[in-house]
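There are 2 protein chains.
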Amino acid sequence: MDKINTVAIVGGTHGNEYSGIYLLRHWDKQPEIVSRSSFSTQTVFANAKAHDENKRYLDADLNRQFGMDDLNNYELRGYEQCLAKSLNQQLGPKGNAKTDFIIDLHNTTSNMGPSLILLQADEFNRKMGAYVKDKMSDAVVVFEDHATVEEHYFVSSISKQGVIVEIGPQPQSVIRQDILDWMAEMTKHILDYIELHNTQALPDLSSSYEAFKYTETLSLPLDEKGERAGMVHKAVQDADFSPLKDGDPIFTLFNGEEVYWQGDYIAYPHFINEAAYYDNNLAMSLAEKIIVETV
Amino acid sequence: MDKINTVAIVGGTHGNEYSGIYLLRHWDKQPEIVSRSSFSTQTVFANAKAHDENKRYLDADLNRQFGMDDLNNYELRGYEQCLAKSLNQQLGPKGNAKTDFIIDLHNTTSNMGPSLILLQADEFNRKMGAYVKDKMSDAVVVFEDHATVEEHYFVSSISKQGVIVEIGPQPQSVIRQDILDWMAEMTKHILDYIELHNTQALPDLSSSYEAFKYTETLSLPLDEKGERAGMVHKAVQDADFSPLKDGDPIFTLFNGEEVYWQGDYIAYPHFINEAAYYDNNLAMSLAEKIIVETV
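First to last, the protein sequences are chains A and B. Take the position in the first sequence, starting the count at 1, then add 1; the result is the number in our numbering. Take the position in the second sequence, starting the count at 1, then add 1; the result is the number in our numbering.
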């Protein structure tokens, strides 16, 4: 892959995910922390207006607005839909972007630890996953490569290469030191990896590693009025990236009944009971475990 | 103390604390769960409008609006200031309330477990704490009796007797089964205690027990612009009700420096890094450990 010349670190894509916002403030005071010799780094506070209101977003989830059709649809006039066009102009345009690499910083209320979400499984990304896992034993690598980068609607899909750094558990509107430290560390390793890639100085990496590949999203059980009839089962709560097998309990209804998962594969739930799902009744994402080869 | 004839269970005082809201819905379908023979029980969804907007409050914290002066001040016209007057009419009026006992259901993002907050240390409350702790080994009892019930500004101060049930950790906008179960169980024990008090059928209680007494509130370190300069130290995060001694680390500044607590007593932090403090920069409450005698 070509040399990466321009990197953007984006925080505050969701206004109530505080770690990235506070790290940007810190890095803007000490830019040497995120500077490297072989590329330029800029920081972008994506949705300051949502942060001012202490909300994820005002009108619509910003991290769902970067599909190519939506970026070209001028009928979409919600705040985040306009903001997406502005960010696309600043960092993109998607498909021919002036930014070579985007690091988008997120928190989750789920117990996902320090997760690196990759949108494609090309050699550059497979090696990045190995490098980050070699440096950071807690790190988890998740491939969301069920769609192409062009088809993805995330901020980080503006550039040809990009990642989502997703760290939890952290309640919305809170800064936890452990979570902040994890986010700072993972970002450092990603920047180091790009520098080593650019200068053709990559060390020997693990030849293969365990990772996860997104498969599907589960919704909470609803009643006939469309209201929640149950919640995530306590056996699944906080068990992100632990195996879920056919017949395992997955939901508890408010009337006390249990619901069991029916699946024909061993699933690895994540984003379990994420607070941002309050308005769409999602329960969790599922993944398969995969072995990634780095060569 | 006199017989208690009328009990109100209040949920949704804060619109993004979900456990109480979902329990009220459940109990309204099965009212026998919260009914007892010797008193009437009503449920009150205090701030449905804030819940519709998935916020703690619209204009001001509802659970700070029940000071006697504020209830009588018609210049205060924010939404929650008007709502407080309406609730005071419905359940009160404070000082001469038609409701004898209020149970106000709350969640915290702090690791407080199932906490029972009592506003006075009279014999009735001291025994209630013993009863709840005898029935529920995880329960924590906190006395916030630094002010009189009249002086308090909480919803539960409308009636002569009342409690705050405060259960965590739970992120805002999330329903965790473990937290919901704790809240349902603690509420059951409180209702049972009132029934046993009314029917003069209280069992033998522990003659004394450990509890906590609120002492003071600590704020986060701020910079010269009034912005946060640091966060709760990772050694204190999640350590609610663990001892904090003079010289223990309490904050980490974003520049990496540590701040140590200077105190002349052994403090027990709680409400540590509560998300609702995002706009007032509070860090935690402190308490002293006390031994409560039930006779």
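If you are wondering where the hints come from, they were derived from the structure by calculation, not from laboratory data. One or more of the hints may lead you astray.
If several chains are the same, the list does not tell them apart, and a pair holds so long as it fits within one copy or across any two.
Here are the simulated SDA-like cross-link-like pairs (lysine to any residue), alpha carbons at most 20 Å apart as the crow flies [claimed, not checked]:
id, residue 1, residue 2
1, K4, T216
2, K246, T44
3, K4, E211
4, K56, Y279
5, K4, D135
6, K4, Q90
7, K189, D101
8, K30, F125
9, K235, Q178
10, K136, Y278
11, K4, N55
12, K290, T218
13, K226, K290
None of the values given here were measured: they were computed from a predicted structure.
Cross-check of the supplied hints:
In the homo-oligomer, the alpha carbons of K4 and T216 never lie at most 20 Å apart, since the shortest distance is 32 Å inside one protomer and 59 Å across protomers. When the C-alpha separation of K246 and T44 is checked against a cutoff of 20 Å, the pair qualifies neither within a copy, at 42 Å, nor between copies, at 40 Å. Within a single copy, K4 and E211 get their C-alpha atoms no closer than 27 Å, and across copies no closer than 64 Å, so neither meets the 20 Å cut-off. In this assembly of identical chains, K56 and Y279 lie within 20 Å of each other by CA distance both inside one copy and across copies; the values are 13 Å within and 12 Å between.
Taking the shortest Cα distances, K4 and D135 never come within 20 Å of each other, neither inside one copy (22 Å) nor across copies (66 Å). In this homomeric assembly, K4 and Q90 never come within 20 Å of each other (Cα to Cα): the closest approach is 22 Å inside a single copy and 70 Å across copies. Taking identical chains as interchangeable, the C-alpha atoms of K189 and D101 lie at most 20 Å apart only when both belong to the same chain, with a minimum of 17 Å there against 58 Å between chains. For the identical chains of this complex, K30 and F125 are neighbours neither inside a copy (31 Å) nor across copies (56 Å), given an alpha-carbon limit of 20 Å.
For the homomeric pair K235 and Q178, the shortest alpha-carbon distance between copies (5 Å) is at most 20 Å, but the shortest distance inside one copy (26 Å) is not. Taking the shortest Cα distances, K136 and Y278 never come within 20 Å of each other, neither inside one copy (32 Å) nor across copies (35 Å). Within a single copy, K4 and N55 get their C-alpha atoms no closer than 38 Å, and across copies no closer than 45 Å, so neither meets the 20 Å cut-off. Proximity of K290 to T218 under the C-alpha cut-off of 20 Å is restricted to the intra-copy arrangement: shortest distance 16 Å within a copy versus 46 Å between copies.
With identical chains, the CA atoms of K226 and K290 are never at most 20 Å apart, being 36 Å at best within one copy and 48 Å at best between copies.
Taken one by one, the earlier hints fail for this structure at numbers 1, 2, 3, 5, 6, 8, 10, 11 and 13, listed in ascending order.
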